Amino acid sequence: MSAHVLYPGCLISRRYPGFEAAARFVAKKLGMELVDREGFTCCPDPVWLRSARQDLWLRMAARNLAVAAGQNGDAGSLVALCNGCFETLNTALHLLKTDQKQREQVARFLESQGQTLSTCLQVKHLVQVVYETLGPEELKKHLVRPLEGLTLATHPGCHLTRPSDIARFDDPLNPRALDELVEALGARVLDYPTKSQCCGLPVFVTDRELSLSLAAEKIRAVAQADGLVVTCPSCFQQFETVQMLDRSLPRVPVFYYFELLALALGADPGEIGLDQHRIKADAVLARLGHAKSSAHGVSGARGTKPN
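Going by the working numbering, 33 is the number at position 33 of the sequence shown; the sequence numbering is gapless.
Worth flagging that the hints you see were computed from the coordinates, not collected in a lab.
Among the hints, a few may not be true.
As the list claims (entries may be wrong) - Quick list of in silico lysine-lysine cross-link-like pairs, DSSO-like style, CA-CA up to 30 Å:
1. Lys28 with Lys141
2. Lys141 with Lys29
3. Lys195 with Lys140
4. Lys28 with Lys140
5. Lys29 with Lys97
6. Lys141 with Lys97
Claimed, not checked - Just the calculated beta-carbon pair ranges, DEER-fashion:
7. Glu271 with Thr194: 19 to 25 Å
8. Arg278 with Arg108: 41 to 47 Å
9. Gly135 with Lys28: 16 to 22 Å
10. Pro163 with Leu56: 18 to 24 Å
11. Gly289 with Val203: 18 to 24 Å
12. Asp55 with Gly186: 44 to 50 Å
These figures come from a predicted structure and were not determined experimentally.
Quick reminder that beta carbons are idealized off the backbone N, C-alpha and C, glycines included.
All chains, please: the whole structure from these sequences, using the hints.
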């Protein structure tokens, strides 16, 4: 695989460093070079700030693209670990390529900051890179500890596949890529009717009740699974939070996809932060032959509720 500039995003860097550790472990095992750049800021998020100040949102995103491109503007691709970061940076890149007026305004802003506008990059989510450049069948050949015997539900999330004409990855109405990547690890994927439904986080600020009810509906729908697999730290946060707030919900451990892939490639749970989850996955890890987590949290197992 070729080299990619890594954009870890602020939520992962500040709250879920284990996700980045898992991604780096996976990249090393799969022969993918991740290049670090100094100077990244928040992407910024594709919902709240963009709704309030699209001009500021675009300038911040363009600045991150300039940082990723480097002084020579020769970087080939920028890889995000978060669905929201992926949508922001990819959509901003599309706007800068297709809207001359906005491109000129942003270029002048960047020049005032001593930077140069760059639209030569490709923006990808790491899930997209693994799926498109390696693929599920080839991925199977690298596994050392397959996740056999597990039943997992997937939540691709809204921002990974939408807007579809810009994301250009998977089917937004019937996403399959994450299912195939989970199946490649040896697990069975649980089919459920609300797979494409939003986690609810984007409306948390304006309608907390609606936000949490959307997440709770998902948790109930996948109660019989051993875990829920996401590709976005915001979705991960939402699904753990609703279970911590609503004690009536079944406990369903939530996994960032690259945590599971790292486990299947031989990582120890502790080195990728699995002991830091609030909804503990001890039962799942035990079935995979790993020792019980020592950190505090709420234990989760298939279809169970806390005492």
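The hints, checked one at a time:
Only pairs whose Cα atoms come within 30 Å are accepted, and Lys28 paired with Lys141 is accepted, the gap being roughly 15 Å. For the given pair, Lys141 sits about 12 Å from Lys29 by alpha-carbon distance, which is consistent with the 30 Å threshold. Simply put, Lys195 and Lys140 have alpha-carbon atoms about 24 Å apart, close enough for the 30 Å limit, and the pair holds. Between Lys28 and Lys140, the direct Cα distance comes to roughly 16 Å. Compliance with the 30 Å bound is thereby established for this hinted pair.
For the hint pairing Lys29 with Lys97, the CA-to-CA distance comes to about 35 Å; that exceeds 30 Å, so the pair is violated. Under the criterion of a C-alpha separation no larger than 30 Å, the hint pairing Lys141 with Lys97 is inconsistent with the structure, at around 39 Å. The supplied range of 19 to 25 Å is broken by Glu271 and Thr194, whose beta-carbon atoms lie about 34 Å from each other. Remark: the range hint 41 to 47 Å for Arg278 to Arg108 is upheld by a beta-carbon distance near 45 Å.
Range check, Gly135 to Lys28: about 19 Å between beta-carbon atoms, so the 16 to 22 Å window is met. Take Pro163 and Leu56: their Cβ atoms lie about 20 Å apart, and the range 18 to 24 Å holds. Distance hint check: the CB atoms of Gly289 and Val203 are about 40 Å apart, inconsistent with the given range 18 to 24 Å. Taking 44 to 50 Å as the suggested C-beta distance range, the pair Asp55 and Gly186 conforms, at roughly 47 Å.
Taken one by one, the earlier hints fail for this structure at numbers 5, 6, 7 and 11, listed in ascending order.
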